[in-house]
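Chemist: Keeping their order, the protein sequence lines are chains A and B. Here the first sequence is numbered in my numbering, starting from 1015 and rising by one per residue. Here the second sequence is numbered in my numbering, starting from 557 and rising by one per residue.
It is worth saying that the hints were derived from the structure and are not from the lab. We put the CB at the ideal spot given by N, CA and C, even for glycine. Do not rely on the hints blindly, as some may be mistaken.
To be verified - From the structure, some residues in chain B lie toward chain A, with a derived Cβ separation under 10 angstroms:
no.	residue
1	Pro564
2	Leu567
3	Tyr591
4	Gln593
5	Gln600
6	Phe601
7	Gln604
8	Ala612
9	Gly657
10	Ala658
11	Phe663
12	Gly664
13	Ala665
14	Arg668
15	Val671
Said to hold, decoys possible - Cβ-to-Cβ under 10 angstroms is the rule here; a few derived chain A residues that face chain B:
no.	residue
16	Lys1063
17	Phe1077
18	Phe1104
19	Gly1121
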Amino acid sequence: AQSVTQPDIHITVSEGASLELRCNYSYGATPYLFWYVQSPGQGLQLLLKYFSGDTLVQGIKGFEAEFKRSQSSFNLRKPSVHWSDAAEYFCAVGAPNTGTASKLTFGTGTRLQVTL
Amino acid sequence: DSGVTQTPKHLITATGQRVTLRCSPRSGDLSVYWYQQSLDQGLQFLIQYYNGEERAKGNILERFSAQQFPDLHSELNLSSLELGDSALYFCASSARDGYSGANVLTFGAGSRLTVL
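Chain B with its partners taken away, still in its complex shape (with noise of 0.2 angstroms):
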């Protein structure tokens, strides 16, 4: 177990629907980032949140949104769902290494989202 939990651990949805994935980051983590994993794309960054606000954007579509809530727990929101967005969504929550400032990424299960 890492610490960062990540809920509903699949999820099987419509094209058109939208969804809610839930992540709580590690005990004492501020930062919280998001990943898409899928076979064609790998592991694109999406976004990442410290102490509730926008630290840094990647390839994040406009159909999705995420935010940090005051208890650190991040939610992604996907909407108007395609086919291609089925994929599996990792969380991550960072420390930062207190010798070099560095922040080191824990990452979640997982969420699997299939788009029928």
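One chain only, chain A, in its complex shape (with noise of 0.2 angstroms):
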């Protein structure tokens, strides 16, 4: 069975700094992996997605993450965070040629605080 662990339940940045955020996975072999963002009160946006080939993949909002597979993970990064950003972080996993049939398996989330 697949599973996420994100070991950071809370982050606390100032603006202009540097973010990461961690994201562990547990799974046989080489999973989809996704980061969704939900902003207080919305629902789930989705920032990024990996499925094979380049390891470092872009998103939305100036995000970028790397799926590093010796260290089973795939953590999130924004050079430069915005106040704007601050919001609860998801990273969720999924498994590969399952056809019709598929889910995705979310972390608990980080919380990132942006201070001025």
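Two chains, each in its own frame: build the complex with the hints.
Modeler: Written out as structure tokens, the structure is:
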């Protein structure tokens, strides 16, 4: 079974500082990997996804993530955080080659607070 | 607007009651997923339908049921409600990535259920 661990429950960064949110997954092969963001009172918005190929993926809002097979990690990064990035971030894993039967397993989320 | 429509946005009801949550997927998406988000359990996958048929099942209680209709909208029925069922219920729909075949989920804004 697939699982995701986000070790940081809450992170606070200053506006303009760099950000890295950690995500570790458990899966027998290379999974599909996703980062979603949830602003207060909102649904989840897809930031970026990794299926295969280039291990550094670019997403929306200036975010990027790097897949590291040796560390079973898919950490999310942003070089300069804006106050509007304050939200909850979820890492998710999906199993490839499941046809029309699929689901995503989500981590517990990391709440990002941005100080001015 | 993600294109996934959920109604109602908010619902307050009493223990023992039954409610129905409704979801309309994005145009063209055949799969619908239901997730429950609560403070203590995080984001939990409940069930997935593809073109009217159940495809994957998660931690869905026997008191809960779902279906997907011919027009592809879906309903999640929650009965004999308990205080612990208070949560945010998300619907998502998916389209398959043309290159990888992966399912990419797009979430609705959620239905917040409060059981008193």
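Chemist: Please go over all the hints and tell whether each is borne out by the structure.
Modeler: Do the hints match the structure? See the list:
no. : hint    : result
1   : Pro564  : violated, 15 angstroms
2   : Leu567  : violated, 15 angstroms
3   : Tyr591  : holds, 8 angstroms
4   : Gln593  : holds, 9 angstroms
5   : Gln600  : holds, 8 angstroms
6   : Phe601  : holds, 5 angstroms
7   : Gln604  : holds, 6 angstroms
8   : Ala612  : holds, 5 angstroms
9   : Gly657  : holds, 8 angstroms
10  : Ala658  : holds, 5 angstroms
11  : Phe663  : holds, 4 angstroms
12  : Gly664  : holds, 6 angstroms
13  : Ala665  : holds, 4 angstroms
14  : Arg668  : holds, 9 angstroms
15  : Val671  : violated, 19 angstroms
16  : Lys1063 : holds, 6 angstroms
17  : Phe1077 : violated, 16 angstroms
18  : Phe1104 : holds, 7 angstroms
19  : Gly1121 : holds, 8 angstroms
In terms of the numbered hints stated before, the structure departs from hints 1, 2, 15 and 17, listed from lowest to highest.
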